Amino acid sequence: MDYFLQLTVSGFVLGSIYALVALGFVLIYKSSDAINFAQGEFLLIGTYVALTLVSAYHIPFLAAFILTLIFSAALGLLVERVVLRPFIGEPILSMIMATLGLSSLLGGIANVFWGTDTQVFPQVFPENPLTLGKIMVSPVYVWSLVIVFVLLGVFSLFFKYSRMGIAMRSSADDQQAALSMGISVKKVFAVTWAIAAMVSSVGGVLLANINGVNSSLASIGLKVLPVAILGGLDSIPGAIIGGFIIGILESLAGGYIDPLVGGGVKEVLPFVVLVLILMVKPYGLFGKREIERV
Amino acid sequence: MLHLNNVEVMYDRVILVLKGMSLHVPEGKIVTLLGSNGAGKTSTLRAISGLLKSENGQVTDGYIEFQGKRLDASDPEGAVKQGIFQVMEGRRVFEHLTVEENLLAGAHTRTDRRNLKSDIQAVYQYFPKLEMLRQRTAGYLSGGEQQMLAIGRALMAKPKLMLLDEPSLGLAPLLVKEIFSIIKKINQVEGTTILVVEQNANLALSIADFGYIMENGRIVMEGSVETLVSNQDVREFYLGLSDLGKRSYRDVKHYKRRKRWLA
Numbered sequence: 001m002d003y004f005l006q007l008t009v010s011g012f013v014l015g016s017i018y019a020l021v022a023l024g025f026v027l028i029y030k031s032s033d034a035i036n037f038a039q040g041e042f043l044l045i046g047t048y049v050a051l052t053l054v055s056a057y058h059i060p061f062l063a064a065f066i067l068t069l070i071f072s073a074a075l076g077l078l079v080e081r082v083v084l085r086p087f088i089g090e091p092i093l094s095m096i097m098a099t100l101g102l103s104s105l106l107g108g109i110a111n112v113f114w115g116t117d118t119q120v121f122p123q124v125f126p127e128n129p130l131t132l133g134k135i136m137v138s139p140v141y142v143w144s145l146v147i148v149f150v151l152l153g154v155f156s157l158f159f160k161y162s163r164m165g166i167a168m169r170s171s172a173d174d175q176q177a178a179l180s181m182g183i184s185v186k187k188v189f190a191v192t193w194a195i196a197a198m199v200s201s202v203g204g205v206l207l208a209n210i211n212g213v214n215s216s217l218a219s220i221g222l223k224v225l226p227v228a229i230l231g232g233l234d235s236i237p238g239a240i241i242g243g244f245i246i247g248i249l250e251s252l253a254g255g256y257i258d259p260l261v262g263g264g265v266k267e268v269l270p271f272v273v274l275v276l277i278l279m280v281k282p283y284g285l286f287g288k289r290e291i292e293r294v
Numbered sequence: 001m002l003h004l005n006n007v008e009v010m011y012d013r014v015i016l017v018l019k020g021m022s023l024h025v026p027e028g029k030i031v032t033l034l035g036s037n038g039a040g041k042t043s044t045l046r047a048i049s050g051l052l053k054s055e056n057g058q059v060t061d062g063y064i065e066f067q068g069k070r071l072d073a074s075d076p077e078g079a080v081k082q083g084i085f086q087v088m089e090g091r092r093v094f095e096h097l098t099v100e101e102n103l104l105a106g107a108h109t110r111t112d113r114r115n116l117k118s119d120i121q122a123v124y125q126y127f128p129k130l131e132m133l134r135q136r137t138a139g140y141l142s143g144g145e146q147q148m149l150a151i152g153r154a155l156m157a158k159p160k161l162m163l164l165d166e167p168s169l170g171l172a173p174l175l176v177k178e179i180f181s182i183i184k185k186i187n188q189v190e191g192t193t194i195l196v197v198e199q200n201a202n203l204a205l206s207i208a209d210f211g212y213i214m215e216n217g218r219i220v221m222e223g224s225v226e227t228l229v230s231n232q233d234v235r236e237f238y239l240g241l242s243d244l245g246k247r248s249y250r251d252v253k254h255y256k257r258r259k260r261w262l263a
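In order, the protein sequence lines correspond to chains A and B. For the first sequence, position 79 (counting from the first letter as 1) is numbered 79 according to this note's numbering, and the numbering increases by one without interruption. For the second sequence, position 100 (counting from the first letter as 1) is numbered 100 according to this note's numbering, and the numbering increases by one without interruption.
Just chain B, with the same shape it has in the complex (with noise of 0.2 Å):
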């Protein structure tokens, strides 16, 4: 559905993020993306939804396919009414405006303006909470309870892929728990495919099909989630799990394994 071919990203005409990314999500499918801070990350999100522009990047080499067709890094508007919605990483809920406003905010790019009364209540069958707390202003919902109107907000705009930036950030665990089974059950009731950019590996793992790590703006590795988390080298840096239990420092090669990756 979304491939991405050897595409770089460069900030300010001098910072090159991305060098030669390359990723294949599937349709229907949760593909999750990892790797640490200043990986490229959500700079790869941002060339697929066309928000680079505003953060003054642009993509200067390679090419980003959605369903066929060639996107346009700099028109996030185009990207919106293509079906490509970003719910970008901090969760960004309008703070001024009410619950239900930010939802029609979602839509706005819907020509089926008819329907968004019975949607906002889809929504909210995906999020009771969001439901009791309508006409709240959003800036004084809860952490979570923003989050979880941001993947509503998203939901009002019916993508066909949902791009997610870290939708665990500064959440409770229970609550990470919550928002990640939704995320599934968006995925599997919708059918809507999803890249989901995470740290937390362990979580991003348990729910998708398909992985990729990221490092220092390329793709180190990718493989079928069963292969990432029987992957040696996934299962110490990403994991935090480690076979042999605790090692010395002198068998440490953590540096000469990571050297192999960049490679």
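Just chain A, same shape as in the assembly (with noise of 0.2 Å):
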């Protein structure tokens, strides 16, 4: 029983890493119908950038941390004006290949930078675990879990009542109505994208504070997508249950059937899951359904 509630939490915090990065996914999807397969490297570049304020230039974490915001969300408006932009009205499917391409490119660019080596982040949170009745849970997990809730919070709220969050949702909703209200649908786009290149660094600052940093953490951005499906391409609260679903999940077979059959079903589950889910539920849990009326 410990062992499972062990195993239950850190799937819990693993989940609510993969829900920060779905909600990328989901943005971007939301705004432009685009798939964005870069958001990985957004995640290496960003993790990269934290390492290196920190163990290179010795700046506070905190400091670094909001430095690293800044950075990302400059990365993602660069990426949307320069690589993106010009897609505007243009195929969806070319809008994708374009972010696949983008992808090789950033990868690659980390490579040059900051070689394939896996780095140990520095010490930033304390080292003693805490205990929780029976189990036991490490500093670095509660102040993740900590960290994604707020930010999950600060979004729901800026979508529900910011001016520009309701200008985002309307022209996710009907562009062309968007820009007769004289929304900039420009402007919504470059948001967009910054918010996404923001929450998938957070998500690699964390998860790089548990796991290391080596460039296979671009291949999260891979694994979120299935949490993204599943949740429902196009929906929030979508993403971040199916952020949980997949994290716990994983970390379930990683404890019990892993040690059975040798290893490696713990990557292949979110995959099965999903397509298990999108059999009984095509949209994803919580996809919306066209609005007809009848």
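Hints may be right or wrong, so weigh each one.
[To be verified] Pulled from the structure, derived: some chain B residues nowhere near chain A, Cβ distances all over 10 Å: (1) Tyr11; (2) Asp61; (3) Gln67; (4) Asn115; (5) Val189; (6) Gly217.
[Unchecked claim] The list that follows gives simulated cross-link-like pairs (lysine-lysine, BS3-like), each with its CA atoms no further than 27 Å apart: (7) A/Lys187 to B/Lys53; (8) A/Lys187 to B/Lys158; (9) A/Lys186 to B/Lys160; (10) B/Lys81 to A/Lys187; (11) A/Lys187 to B/Lys69; (12) B/Lys160 to B/Lys69; (13) B/Lys158 to A/Lys160; (14) B/Lys158 to A/Lys186; (15) B/Lys81 to B/Lys158.
What the hints contain is simulated information worked out from the structure, not anything from laboratory work. Since the model is a prediction, treat every value here as computed from it, not as a measurement. Where is the CB? At the ideal position from N, CA and C, for every residue including glycine.
Mind docking these for me? Both chains are given alone in their own frames, and the hints should help you get the complex.
Next up, the structure:
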């Protein structure tokens, strides 16, 4: 039972990070119907920047974290302006291909600057594990959870109430009509990409604190895709719940099944679950159905 | 207030839809633009509000002036900021947003955001039904309610000139009457200048001060509502009225009369 709880807790934390990165996918899909295959590379570069700031320049973690957020936002804006804006009005497939190219490019840049070796993130959070009842939780996990929940909360409030948030949801609904309100769809796109880059880099930094950094971190981007699809590609609550489901399943599979079959189930399971759920709910768990008035 | 001078609009660089369109909307009045399908009414509105570009269209000749300033026909944001707001054909509410969020989206370009609450209340004054539905998802509203929301959303931007594209589309006759009377009221109370495009000529002429009739991308007739309503051709082609009762096909001169307009 303790083992189960232990696995569930670490799955929960992992899931919260997935949820955060999936949020980036969902935002971009909602605003432009495109899937961003470079999400993982945003994560990678953000993480390396944070790592460099902390270990090479000895900037305190909190300040480095904020600088990383700013850098990621700028990176998102730049990418949107240079790579994606020319694709507005072009077929969606072209845009998706562009993100695929972007992912190779950014991945290459990361390798050139930071190499491919695994690097350890300097100790930021205290090492002594906290005991909650019978299970031990490392402070990194607790802090990750706190950070993720704060960010998710901030973003939900932003989408629900802020002027820009409403504009973003409007243009996701009907771009032409949004234009006629005087909403600048270009600005909406730019903000979307900035947020997507920011949430990925936060996810990356947290994962790096748990597992260390190397270029395979970018594959999280691919792993989070089933999370987003599972929840329904256009649903923010869906992305969050999908993140938790996949995180916990993965952790449980890693703990119980992997030792029996010699490993590997952990990596496959998200995709198996995805296929099963899509068979029953083709729009994903919370995907938006087209509203049709009868 | 608004002048269109010899405006030409082309889609995809080949399809010429407006062929030298000229129109004048005086301040504080309701002007209606009538015409059959494909005459270029919606294109005219798009040229004014800057929504041409997203449909691959452009103004190739002539110019549009609003309050003495040239308008750039490819800049909807600028148009809204200068006080021109188009209520698009087919209502186009944001389906997954609530009624109130739709209204807030309409106020996107407003800088005096402190007054938004009272402005939302003002919209509910015009459309009491919307207040009961304020937290409802707009996609599930009835057609009439959506049209009210679309107009309410436009009010939130406090426009000087409101462009209405077929507000009667797909609505029951009683509802259409209600909506048109509210449009008239908005014009009188808020002083908003209104340019309304309609197929329902009867109704449009009943609230307008001035009318234009379009065919094939240009104006073929214009005048005050009184002169239009008393015009033989308008009565016959647009209002479906005939003074002569039933006529035999031999006497029908539609063809020639239409010809004369087009020349």
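Hint check:
{"no.": "1", "hint": "Tyr11", "result": "holds (14 Å)"}
{"no.": "2", "hint": "Asp61", "result": "holds (24 Å)"}
{"no.": "3", "hint": "Gln67", "result": "holds (17 Å)"}
{"no.": "4", "hint": "Asn115", "result": "holds (14 Å)"}
{"no.": "5", "hint": "Val189", "result": "holds (22 Å)"}
{"no.": "6", "hint": "Gly217", "result": "holds (22 Å)"}
{"no.": "7", "hint": "A/Lys187 to B/Lys53", "result": "holds (17 Å)"}
{"no.": "8", "hint": "A/Lys187 to B/Lys158", "result": "holds (22 Å)"}
{"no.": "9", "hint": "A/Lys186 to B/Lys160", "result": "holds (25 Å)"}
{"no.": "10", "hint": "B/Lys81 to A/Lys187", "result": "holds (16 Å)"}
{"no.": "11", "hint": "A/Lys187 to B/Lys69", "result": "holds (26 Å)"}
{"no.": "12", "hint": "B/Lys160 to B/Lys69", "result": "holds (14 Å)"}
{"no.": "13", "hint": "B/Lys158 to A/Lys160", "result": "holds (23 Å)"}
{"no.": "14", "hint": "B/Lys158 to A/Lys186", "result": "holds (24 Å)"}
{"no.": "15", "hint": "B/Lys81 to B/Lys158", "result": "holds (10 Å)"}
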